[in-house]
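K.L.:
Using the hints, position chain C against chain F.
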Amino acid sequence: MNAPDTSAKRWDNLARNRAARLARAERLASGCIVPSEQIVQLLEAVIEPGDRVCIEGNNQKQADFLARSLIKTDPSRLRDLHLVQSVLALPEHIDLIERGQVSRIDFSFSGPQAARLARLVESRKITIGAIHTYLELFARYFVDLTPRVALIAAQAADREGNLYTGPNTEDTPAIVEATAFKGGIVIAQVNEIVDKLPRVDIPADWVDFVVRAPTPHYIEPLFTRDPAQITEIQVLMGMIAIKGLYAEYGIKRLNHGIGFDTAAIELLLPTYAADLGLKGKICTHWALNPHPTLIPAIEAGFVESVHSFGSEVGMERYTAARSDIFFTGADGSMRSNRAFCQAAGHYACDLFIGSTLQIDLQGNSSTATKGRIAGFGGAPNMGADARGRRHASPAWLRAGREGRGDIAMPRGQKLVVQIVETFREHMEPAFVERLDAWDLAATANMELPPVMIYGEDMTHIITEEGIANLLLCRTPQEREQAIRGVAGYTPVGMARDPRMVENLRDRGIIRRPEDMGIRKSDATRDLLAARSVKDLVYASGGLYDPPRQFRNW
Amino acid sequence: MEQFTLTLPSAAIPQNVTSATLCGVVSSGNLEILVEPAATSDACRIVVNTSAHGFRDIWEAVLKDFARRHSVGGLSLSINDAGATPAVVSLRLDQAFETCRGELA
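Chain order of the listed sequences is F and C.
By the working numbering, the letter at position 291 of the first sequence is numbered 291, and the numbering carries on one by one without gaps.
By the working numbering, the letter at position 24 of the second sequence is numbered 24, and the numbering carries on one by one without gaps.
The hints are simulated quantities; they were obtained by calculation from the structure and are not laboratory data.
No residue lacks a Cβ here, since even glycine has one placed at the ideal position from N, Cα and C.
Do not rely on the hints blindly, as some may be mistaken.
Claimed, not checked - Listed next, with one range per pair, are the computed distances between beta-carbon atoms: (1) C/E98 / F/K281: 26 to 34 Å; (2) C/E98 / F/R424: 23 to 31 Å; (3) F/R404 / C/S27: 41 to 49 Å; (4) C/A11 / F/A321: 55 to 63 Å; (5) C/E98 / F/G111: 36 to 44 Å; (6) F/D324 / C/F4: 57 to 65 Å; (7) C/E2 / F/R401: 48 to 56 Å; (8) C/E2 / F/M500: 12 to 20 Å; (9) F/G111 / C/T5: 40 to 48 Å.
In isolation and in its complexed conformation, chain C is listed as follows:
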């Protein structure tokens, strides 16, 4: 297991998030993402637990693009990864964000 935490600047999510949402499953080549409210409105805090070693550069690139693509300030993400490819990670992140917003709408 490899674990690291990133705090990425991002515009504040417009809505007020009060509840947690979960997206995906921890199975081979997949991952789960737990989205929760956090205190910092101008940044997104992301904790990554991954079974694959040595891909931190790629994780950072994927997550920075995510924080740039969406307004996710004020959210805290916990990721449990079982060897998902960057394509799957990006897709899950987008799904998690849309689910979180959808539940607020």
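Isolated chain F, as found in the complex:
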């Protein structure tokens, strides 16, 4: 037998290609530092046609200078790019597509650019590979969507190229790990270059180039909810969540979505929940961004631990001063990490609760609307049963018993809750016979309707009418009537079978506020532990420094 001839086959093409790219860039950098005036030439030197490129950005920190520089490159040289990144949130991301430099995109979330993106897809100017969850996209970075070039953002660098990301570490470790260890090129924009960093978040030998951006990278204060805007209906639904769900199941480990509904719950913990004797019994451990509305609960001693996906503008001093609660580095500032926090939310939390735009009669929940391709972010990972989970907790086991009935093999289930007022603003019903996601999938040629939470994962729906416990429904008809039974005066709610809904109520599948001993007249804003942003500043002892747009005093 002949030995296989391996002499003709090379095994280091990626490394040689990387070396060639670095050689083309050599004259532009001194060490790893590139002057900002040279950034366009650098991008043209190191990016090749057809590359998979990741422009770092999430719904918070954005590599905005690098994105702006990319649309100044020569479209005849930088073309057929495949963008693989968490968000398409900046106008420049879409500009790059309109300039014809991008042929394919794989992403998670496009919030502010959702309408422009939908138009480009409909006119077939761009192909979407898939809309992922954050964790799913990070996973694919290590399988079949590894970036060839990553353009990232950090707070500061030293002259060696070590990076300090500060509280907003977010996606950076996941992106850099995949790129740097698979022969890719990593370029970081930083706000400042210093002699000594407070701490090293990304080591220098994972980073090829550093450029000081002319302006600091943009960070959106996405998780700040002004308590002044919380309505009495949201207070009522928050009371229902606390008394009817958190107390019932003994929810200690959880994740909250970002709406006003969940902000209301956070502000009811030191008041309503404390009065119910629930301190120490619920809401002790969180996978959560540092929500300013959690400050009163933290100060009241409700909270033991918070790990965060990212930070929040204005919360830097507060989180640093509460290192028993938040994950902080030796320098004292917070460390976030989206990949780990998503894993934490998926595997280590017993409950996810968040708002949505539409719920159908099977309990599928979607934020997709016609003419907008907005994506999901992390919600599908938070709002899904973790099928791989193997540790028990009382809440998880109870949900499993309710949902699976008497099966031979004991198994729990995650509580996945949607909290919505039956009508959204402009009298848009939150309950529908058919999700807009179907139409969006048809017009955008998607293989899957973009559903945020599948009906099979949804366990409870909370509205101003009460709670529907979908775990206890034994037939699709019961599930449909349970959903109609909390859908209020929407067309879906008005079409309920009143007798069947009363039967579900008798069985505790639907529970009205009065069934839980909740008086609607108690649902006033006086129950909120803070009623303004100023109250939050006061509760923090002056450590919380709200962004200018939230200051009205």
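P.N.:
This is chain C only, laid out in the frame that chain F set:
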């Protein structure tokens, strides 16, 4: 503005109502309700002034449920609405009723 009046059958309120009560405020997404005594003890008369057009069916459903839920015969309600959702309307109606009863108790 859209205005309409409904007279809904309802059991008589047990107490004798002599004074008027006001609940809520007319601000965006909110409404105010004035509760006054009326002559008809077996029905509740409700006048709705709303800034939102085309939702009369929903108003009727919300108000009929209210008149079924509570004994409000002998009351007259005047509602000035600035685009409140049905959830807010129901909550205010319940608050107005409880306030009215509370002041009698």
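K.L.:
Work down the list of hints and note, for each, if the structure agrees.
P.N.:
Evaluation of the provided hints:
Checking the proposed 26 to 34 Å range against C/E98 and F/K281 shows it holds: the Cβ atoms sit about 30 Å from each other. Separated by about 27 Å at the C-beta atoms, C/E98 and F/R424 satisfy the suggested range of 23 to 31 Å. Range check, F/R404 to C/S27: about 47 Å between beta-carbon atoms, so the 41 to 49 Å window is met. Distance hint for C/A11 and F/A321: a CB-CB separation of about 59 Å, consistent with the stated range 55 to 63 Å.
The hint said 36 to 44 Å for the Cβ distance between C/E98 and F/G111, and at roughly 41 Å that hint holds. Here the CB-CB span from F/D324 to C/F4 is close to 59 Å, well matched to the stated 57 to 65 Å. The supplied range of 48 to 56 Å is met by C/E2 and F/R401, whose beta-carbon atoms lie about 50 Å from each other. Distance hint check for C/E2 and F/M500: the Cβ-Cβ separation is about 34 Å, which falls outside the suggested range of 12 to 20 Å.
Between F/G111 and C/T5 the beta carbons are some 45 Å apart, a value that agrees with the proposed interval 40 to 48 Å.
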